[in-house]
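K.L.:
Counting from 1, one number per residue, gives the positions in the sequence shown under our numbering.
Hints listed in this document are in silico derivations from the structure and should not be mistaken for laboratory results. Where hints are given, some of them may not hold.
[Unchecked claim] Calculated pairs, EDC-like style, for lysine to aspartate or glutamate (alpha carbon to alpha carbon, straight line, at most 16 Å):
1. K103 to D115
2. K103 to E91
3. K103 to E125
4. K103 to E116
[Said to hold, decoys possible] The following label-pair restraints were derived from C-beta to C-beta distances:
5. D48 to L209: 33 to 41 Å
6. Q225 to G193: 30 to 38 Å
7. E239 to Q122: 38 to 46 Å
8. E68 to T228: 48 to 56 Å
We put the beta carbon where it would ideally sit given N, CA and C, even for glycine.
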Amino acid sequence: MSGLLPGDPAAVVGGGATPRAHCVLAPNPSPMTLDGTNTWLLAEPGSDLAVVVDPGPLDEVHLRNVVETAERQGRRVALTLLTHGHADHAEGAARFAELTGTKVLALDPAHRLGDEGLRHGQRLEVGGLDLRVVGTPGHTADSLTFHLPADGAVLTGDTVLGRGTTMVAHPDGQLGDYLDSLRRLHTMASEHGVRTVLPGHGPVLADALGAVDYYLAHRANRLAQVETAVEAGCRTAGEVVARVYADVDRALWPAAELSVRAQLRYLEDHGLI
Numbered sequence: 001m002s003g004l005l006p007g008d009p010a011a012v013v014g015g016g017a018t019p020r021a022h023c024v025l026a027p028n029p030s031p032m033t034l035d036g037t038n039t040w041l042l043a044e045p046g047s048d049l050a051v052v053v054d055p056g057p058l059d060e061v062h063l064r065n066v067v068e069t070a071e072r073q074g075r076r077v078a079l080t081l082l083t084h085g086h087a088d089h090a091e092g093a094a095r096f097a098e099l100t101g102t103k104v105l106a107l108d109p110a111h112r113l114g115d116e117g118l119r120h121g122q123r124l125e126v127g128g129l130d131l132r133v134v135g136t137p138g139h140t141a142d143s144l145t146f147h148l149p150a151d152g153a154v155l156t157g158d159t160v161l162g163r164g165t166t167m168v169a170h171p172d173g174q175l176g177d178y179l180d181s182l183r184r185l186h187t188m189a190s191e192h193g194v195r196t197v198l199p200g201h202g203p204v205l206a207d208a209l210g211a212v213d214y215y216l217a218h219r220a221n222r223l224a225q226v227e228t229a230v231e232a233g234c235r236t237a238g239e240v241v242a243r244v245y246a247d248v249d250r251a252l253w254p255a256a257e258l259s260v261r262a263q264l265r266y267l268e269d270h271g272l273i
């Protein structure tokens with residue numbers, strides 16, 4: 001969706017974001033992907049090994065650019081990770097694995113290349129880089145966040161974007177799970193030193209706690225609006241979208257309808273409608 005998050009983030013141009021994270025922006029901008037998919041190249045300073053998170057779409061020029069960016073840094077890509085399986089993050093993973101000779105690790109077995117998967121609480125170490133796996137379902141059932149403790153940063157995929165808000169991709173995504181994931185990120189930001197959000201789309205956010213607070217407030221507000229729309233007589237998700245999202249670009253209404261379906265299910269499950 002539209003709108004700036006706390007911290008007045010700058011435009012996405014790719015490049016270094018933290019001492020250990022470098023963004024290679026995919027050329028797939030759209031209303032849904034914002035400036036394009038942020039492919040993240042991670043490495044410990046001084047190491048010759050790198051980890052890539054979300055190779056992005058199946059775009060040969062982009063995939064080779066990621067490899068060449070690592071090579072210019074004097075590094076070899078040793079591991080490929082996915083925040084989730086949506087095509088704008090994962091479609092290029094198989095080809096990227098061919099280019100780099102790496103495994104692809106994901107939560108969902110359908111998106112893995114190799115026998116290994118990912119799970120909440122897992123710790124990865126590559127060339128001295130310390131990376132923690134955090135389960136953050138809700139946008140999709142398989143959504144993960146990667147915690148980079150040394151930089152006080154989290155790579156959030158589509159769970160938190162760098163501009164605007166994300167959708168809950170019902171029925172795979174569930175609003176209750178999503179709210180729990182936001183609360184988990186809130187705890188990480190308020191109690192465990194997370195300051196920076198490295199999103200799957202949009203600019204880097206320097207105020208992680210402010211961004212998550214914004215998301216939680218936004219979700220509470222939208223949920224109240226959907227409940228009011230139902231009380232006013234809206235009977236279908238499409239009718240709710242037309243009422244609640246009237247000020248949103250119509251190109252985003254199909255995604256908004258998925259979120260509304262998730263919100264309606266949540267309200268039904270909690271006996272609120």
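K.L.:
If a hint holds in the structure, say so; if it doesn't, say that too.
P.N.:
Tested hints:
With a CA separation close to 9 Å, the supplied pair K103 and D115 stays within the 16 Å bound. Only pairs whose Cα atoms come within 16 Å are accepted, and K103 paired with E91 is accepted, the gap being roughly 15 Å. Proximity of K103 to E125 is assessed by CA-CA distance (about 15 Å); at most 16 Å being required, the pair is judged to hold. The hinted pair formed by K103 and E116 meets the criterion: a straight-line CA distance of about 8 Å does not exceed 16 Å.
Against the hinted window of 33 to 41 Å, the Cβ-Cβ separation of D48 and L209 comes to about 35 Å, which satisfies the hint. Roughly 34 Å separates the CB atoms of Q225 and G193, a value that falls within the hinted 30 to 38 Å. The given range of 38 to 46 Å is respected by E239 and Q122, whose C-beta atoms sit roughly 43 Å from each other. Between E68 and T228 the Cβ separation comes to about 52 Å, which falls inside the hinted range of 48 to 56 Å.
Checked against the numbered hints above, the structure violates none of them.
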